[in-house]
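Student: Residue numbers (our numbering), protein chains in the order written: chain A, 1 to 235; chain B, 1 to 259.
Be a bit skeptical, because a hint or two may be false.
In silico DSS-like cross-links for lysine-lysine, where the CA-CA straight-line distance does not exceed 25 angstroms [what the hints assert, rightly or not]:
| hint | chain 1 | residue 1 | chain 2 | residue 2 |
| --- | --- | --- | --- | --- |
| 1 | B | Lys73 | B | Lys135 |
| 2 | B | Lys69 | B | Lys185 |
| 3 | A | Lys113 | B | Lys69 |
| 4 | A | Lys113 | B | Lys71 |
| 5 | A | Lys113 | B | Lys73 |
| 6 | B | Lys78 | B | Lys185 |
| 7 | A | Lys112 | B | Lys73 |
| 8 | A | Lys113 | B | Lys185 |
| 9 | A | Lys112 | B | Lys185 |
| 10 | A | Lys112 | B | Lys209 |
| 11 | B | Lys73 | B | Lys160 |
| 12 | B | Lys14 | A | Lys199 |
| 13 | B | Lys78 | B | Lys160 |
| 14 | B | Lys209 | B | Lys185 |
| 15 | B | Lys78 | A | Lys113 |
| 16 | B | Lys135 | B | Lys160 |
| 17 | B | Lys71 | B | Lys14 |
| 18 | B | Lys14 | A | Lys112 |
Pulled a few chain B residues facing chain A out of the computed Cβ check, cut under 10 angstroms [claimed, not checked]:
| hint | residue |
| --- | --- |
| 19 | Glu75 |
| 20 | Gly223 |
| 21 | Phe225 |
Please keep in mind that the hints were generated in silico from the structure rather than gathered at the bench. Quick reminder that beta carbons are idealized off the backbone N, C-alpha and C, glycines included.
Now for the letters of each chain:
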Amino acid sequence: MVASLFGRPIYIAETMEQMYLIGIGSLFLVVLTGLFSGQGFAIAFANELSDFGAKDYLGRIMSLAIVRELGPTLTGLMMAARVASGITAEIGAMKSSNQLDAMRSFGIDPIKKIAAPRLITLIVMVPAMTVICDAVAIFGAWLIAIFHAHISSTMYWAAIRERLVFGNIFIGLVKPVVFSLVIAFISCYKGFTSEGGTKGVGQATTDSVVMSSITILITNFVFTKFFFPMLRGYL
Amino acid sequence: MIEFRNIDFGYDEKLVLRDVSFDIDPTESVVIMGPSGSGKSTVLRLILGLECPQRGEIRIDGRNICVMKEKDKQELRKSIGMVFQDGALFDSRTVGENVGYYLIEHTGLSWQEIERRVREMLGFVGLDASEIIDKLPEELSGGMQRRVAIGRALLSTDPKIMLYDEPTTGLDPQSTENVLTLINKLTRERSISTVVVTHQIADALGVAKRFIVIHEGEVAFDGDFVGLRDCRDDRVRNFLGPFRASMDLVAEKKFMNGV
Ligand SMILES: Nc1ncnc2c1ncn2[C@@H]1O[C@H](COP(=O)(O)OP(=O)(O)OP(=O)(O)O)[C@@H](O)[C@H]1O
Ligand SMILES: [Mg+2]
Chain A
1 MVASLFGRPI YIAETMEQMY LIGIGSLFLV VLTGLFSGQG FAIAFANELS
51 DFGAKDYLGR IMSLAIVREL GPTLTGLMMA ARVASGITAE IGAMKSSNQL
101 DAMRSFGIDP IKKIAAPRLI TLIVMVPAMT VICDAVAIFG AWLIAIFHAH
151 ISSTMYWAAI RERLVFGNIF IGLVKPVVFS LVIAFISCYK GFTSEGGTKG
201 VGQATTDSVV MSSITILITN FVFTKFFFPM LRGYL
Chain B
1 MIEFRNIDFG YDEKLVLRDV SFDIDPTESV VIMGPSGSGK STVLRLILGL
51 ECPQRGEIRI DGRNICVMKE KDKQELRKSI GMVFQDGALF DSRTVGENVG
101 YYLIEHTGLS WQEIERRVRE MLGFVGLDAS EIIDKLPEEL SGGMQRRVAI
151 GRALLSTDPK IMLYDEPTTG LDPQSTENVL TLINKLTRER SISTVVVTHQ
201 IADALGVAKR FIVIHEGEVA FDGDFVGLRD CRDDRVRNFL GPFRASMDLV
251 AEKKFMNGV
């Protein structure tokens with residue numbers, strides 16, 4: 001399966017279609033997620049920090065938390081919920097109505113035709129959505145900073161920038177790439193191996209979302225705890 | 001050329017086909033008949049290499065399809081057309097894209113040219129092209145979908161083998177006639193091997209001179225019309241049932257029509 005993902009032919013039209021469906025389709029969800037979790041976290045942190053008279057640190061904490069942890073994980077989970085379910089359901093439905101076999105009968109490899117365009121799209125779109133989520137969350141936290149915590153705007157942005165260093169950005173971009181692989185592989189695998197008609201497709205879809213969400217959370221922890229500390233000297 | 005050599009096959013432990021052997025020459029048409037669940041569709045799936053037998057050998061044009069690499073299988077399948085029993089139309093593509101699928105995927109033809117051929121093919125299977133070409137398959141009736149599926153299988157550049165899984169089930173007499181004519185025309189003009197799975201005895205007589213009856217995964221009969229009519233095998237007699245009495249009548253009519 002993995003072997004036939006790569007190599008010719010590459011279906012450009014399908015990939016473009018997926019870019020549009022997955023990318024544009026997820027934008028609204030990701031913006032909402034970023035905005036409200038950014039604000040939520042900012043309120044909680046701002047309240048805690050002001051007890052210590054350290055409100056000015058809000059920007060630093062938000063910058064770090066959003067770019068390294070919140071942005072990638074939330075976007076990953078949202079994409080898992082929205083995209084993994086869609087991919088599994090679509091492939092499963094095609095399988096149960098013999099469309100995959102029909103495709104094969106025309107000499108087309110369904111893995112190249114269906115899985116590869118979705119994989120490529122996710123590798124591009126999950127990081128892109130993460131960046132958008134990050135930006136919106138930081139903006140949301142800024143709203144809280146000025147209107148709720150009454151921190152000066154300049155102070156907030158200076159603090160944000162202080163933690164927006166290469167290392168953090170790098171970590172914040174490596175994670176979504178890994179998450180995109182998790183979502184693509186699990187959702188396609190669950191779709192292609194679904195069995196037992198409509199009920200089977202439903203089950204596979206549920207499994208696909210649950211498995212990719214859990215895998216994302218665990219991978220995120222493993223990366224934060226074990227992999228990135230190993231890179232510390234280089235970043 | 002299709003060769004089945006002592007095929008045993010099951011989707012799981014239970015065997016669906018047992019010791020099935022037959023040869024189908026290029027240019028030959030064969031009808032496969034048998035009760036529901038006897039393994040007819042499975043035979044077609046095996047010819048396409050969608051499944052591989054537990055025992056035995058399947059050769060298409062002399063090449064054992066089961067030991068072939070996936071890439072070569074794909075290449076081989078381009079020369080095999082298949083009409084699936086349930087149509088298996090691509091439900092998120094329009095009728096036009098379905099019928100033109102082969103041309104879209106495997107030729108560099110312009111969409112204008114493909115559309116021209118799609119319209120021609122839709123007319124050929126008795127459908128009003130301008131009305132349905134941009135519709136989705138689900139907007140069509142069952143019989144219309146079936147004809148779209150047939151059109152899709154037929155519209156490839158150069159098939160060497162055509163497989164039809166119950167192509168006339170659910171069609172009105174006129175469409176049935178059209179489809180059968182189409183199958184015959186293609187078999188004769190392009191000299192290809194044709195395998196038709198059907199329950200309709202009358203249709204069977206119209207498209208082939210050789211009949212294979214499968215019963216619970218075994219070949220119960222393989223021969224011509226006279227042999228089938230006079231067959232003493234209980235499995236075959238039971239399957240033909242009431243039809244046996246009318247077979248002479250049907251045959252007469254067909255032969256009078258010059259088929
Ligand atoms: N995907 C599958 N998984 C498991 N068993 C299957 C599968 N497809 C078919 N079978 C079994 O294989 C046997 C033969 O099925 P097949 O579809 O070849 O029958 P058929 O002769 O085409 O019947 P019909 O005339 O009803 O179409 C049946 O007993 C069926 O239960
Ligand atoms: Mg069948």
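Student: A separate judgement is required for each hint: does it hold in the structure or not?
Tutor: Each hint, compared with the structure:
no.: 1; hint: B:Lys73 <-> B:Lys135; result: violated (32 angstroms)
no.: 2; hint: B:Lys69 <-> B:Lys185; result: violated (33 angstroms)
no.: 3; hint: A:Lys113 <-> B:Lys69; result: holds (18 angstroms)
no.: 4; hint: A:Lys113 <-> B:Lys71; result: holds (14 angstroms)
no.: 5; hint: A:Lys113 <-> B:Lys73; result: holds (16 angstroms)
no.: 6; hint: B:Lys78 <-> B:Lys185; result: holds (20 angstroms)
no.: 7; hint: A:Lys112 <-> B:Lys73; result: holds (15 angstroms)
no.: 8; hint: A:Lys113 <-> B:Lys185; result: violated (33 angstroms)
no.: 9; hint: A:Lys112 <-> B:Lys185; result: violated (35 angstroms)
no.: 10; hint: A:Lys112 <-> B:Lys209; result: violated (41 angstroms)
no.: 11; hint: B:Lys73 <-> B:Lys160; result: holds (14 angstroms)
no.: 12; hint: B:Lys14 <-> A:Lys199; result: holds (24 angstroms)
no.: 13; hint: B:Lys78 <-> B:Lys160; result: holds (9 angstroms)
no.: 14; hint: B:Lys209 <-> B:Lys185; result: holds (15 angstroms)
no.: 15; hint: B:Lys78 <-> A:Lys113; result: holds (16 angstroms)
no.: 16; hint: B:Lys135 <-> B:Lys160; result: violated (30 angstroms)
no.: 17; hint: B:Lys71 <-> B:Lys14; result: violated (30 angstroms)
no.: 18; hint: B:Lys14 <-> A:Lys112; result: violated (32 angstroms)
no.: 19; hint: Glu75; result: holds (6 angstroms)
no.: 20; hint: Gly223; result: violated (29 angstroms)
no.: 21; hint: Phe225; result: violated (30 angstroms)
Of the numbered hints given earlier, the model fails hints 1, 2, 8, 9, 10, 16, 17, 18, 20 and 21; all others are met.
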